[in-house]
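Kindly generate the complete structure, drawing on both the sequences and the hints.
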Amino acid sequence: MATNQPCRHGPGHCRRATLSFVDALRRADIDAARNTPLDVKLAQAIELMELGIALKRKQLQARSPTATAAEIDALLARWLEEPR
1 MATNQPCRHG
11 PGHCRRATLS
21 FVDALRRADI
31 DAARNTPLDV
41 KLAQAIELME
51 LGIALKRKQL
61 QARSPTATAA
71 EIDALLARWL
81 EEPR
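Residue 57 in our numbering sits at position 57 of the sequence shown, with consecutive numbering throughout.
Calculated from the structure, these hints are not laboratory results. One or more of the hints may lead you astray.
To be verified - No farther apart than 20 Å at their CA atoms in a straight line, the calculated lysine to aspartate or glutamate pairs in the DMTMM-like style are these: (1) Lys58 - Asp31; (2) Lys58 - Glu71; (3) Lys56 - Asp31; (4) Lys41 - Asp31; (5) Lys58 - Asp29; (6) Lys56 - Glu82; (7) Lys58 - Asp73; (8) Lys41 - Asp29; (9) Lys56 - Asp39.
Stated by the list, open to error - Have a look at the derived ranges for each label pair, beta carbon to beta carbon: (10) Arg78 - Ser20: 45 to 55 Å; (11) Val40 - Glu82: 21 to 31 Å; (12) Leu55 - Ala33: 22 to 32 Å; (13) Ala70 - Phe21: 19 to 29 Å; (14) Ala77 - Ile46: 38 to 48 Å; (15) Ser20 - Ala69: 51 to 61 Å; (16) Arg27 - Ala67: 44 to 54 Å; (17) Pro83 - Glu47: 20 to 30 Å.
Owing to the predicted nature of the structure, the values given are computational and were not obtained by experimental measurement. Backbone N, C-alpha and C define an ideal beta-carbon position, used for all residues, glycine too.
Next up, the structure:
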C-alpha cells in the first residue's frame, strides 16, 4: 500500500497494527536480553569489541596502504588509547 493512500480498514488501523507488532517485537527483545545469562552477554560484548577492532585495523590499512604491520599496530594502539 502506498504511504499516502488511506487504510482500507479504517483511519489509523494499519498504523496501530504496525506499532502493536513492533511493540511486541521490542518486548520480546527486552525479555530475551533480560533472560540472557551474564557469561553469554560478556562473550557477545567481547566478540563485538574484537570485531570493532578488526574493522578499525582494516580502515587504518586502507587509509595507509604503504604502512607496515608495526605502523598499523601503533596507529591502532593510539586510536584505542584516545579518550572517548
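Now the hints, each set against the structure:
1. About 35 Å separates the Cα atoms of Lys58 and Asp31, which puts this hinted pair outside 20 Å; it is violated.
2. Proximity of Lys58 to Glu71 is assessed by CA-CA distance (about 13 Å); at most 20 Å being required, the pair is judged to hold.
3. Note on Lys56 and Asp31: the hinted pairing is violated, with a Cα-Cα distance of about 32 Å set against a maximum of 20 Å.
4. Taking the CA atoms of Lys41 and Asp31, the gap is about 14 Å. The hint holds against a cut of 20 Å.
5. With a CA separation close to 31 Å, the supplied pair Lys58 and Asp29 exceeds the 20 Å bound.
6. Among the hinted pairs, Lys56 with Glu82 is consistent with the structure: their alpha-carbon atoms are about 13 Å apart, no more than 20 Å.
7. For the given pair, Lys58 sits about 11 Å from Asp73 by alpha-carbon distance, which is consistent with the 20 Å threshold.
8. Restraint check: the Cα-Cα separation between Lys41 and Asp29 comes to about 14 Å, which is no more than 20 Å; the hinted pair holds.
9. A C-alpha spacing of about 26 Å is found between Lys56 and Asp39, which places the hinted pair above 20 Å, so the restraint is violated.
10. Distance hint for Arg78 and Ser20: a CB-CB separation of about 49 Å, consistent with the stated range 45 to 55 Å.
11. Checked against the hint of 21 to 31 Å, the pair Val40 and Glu82 passes, with Cβ atoms roughly 30 Å apart.
12. Taking the beta carbon of each, Leu55 and Ala33 are about 24 Å apart, inside 22 to 32 Å as hinted.
13. Range check, Ala70 to Phe21: Cβ separation about 52 Å, and the 19 to 29 Å hint is violated.
14. Distance hint for Ala77 and Ile46: a CB-CB separation of about 19 Å, inconsistent with the stated range 38 to 48 Å.
15. Here the CB-CB span from Ser20 to Ala69 is close to 53 Å, well matched to the stated 51 to 61 Å.
16. The given range of 44 to 54 Å is respected by Arg27 and Ala67, whose C-beta atoms sit roughly 48 Å from each other.
17. Checked against the hint of 20 to 30 Å, the pair Pro83 and Glu47 passes, with Cβ atoms roughly 24 Å apart.
In summary, the structure is inconsistent with hints 1, 3, 5, 9, 13, 14 from the numbered list given earlier, while agreeing with the others.
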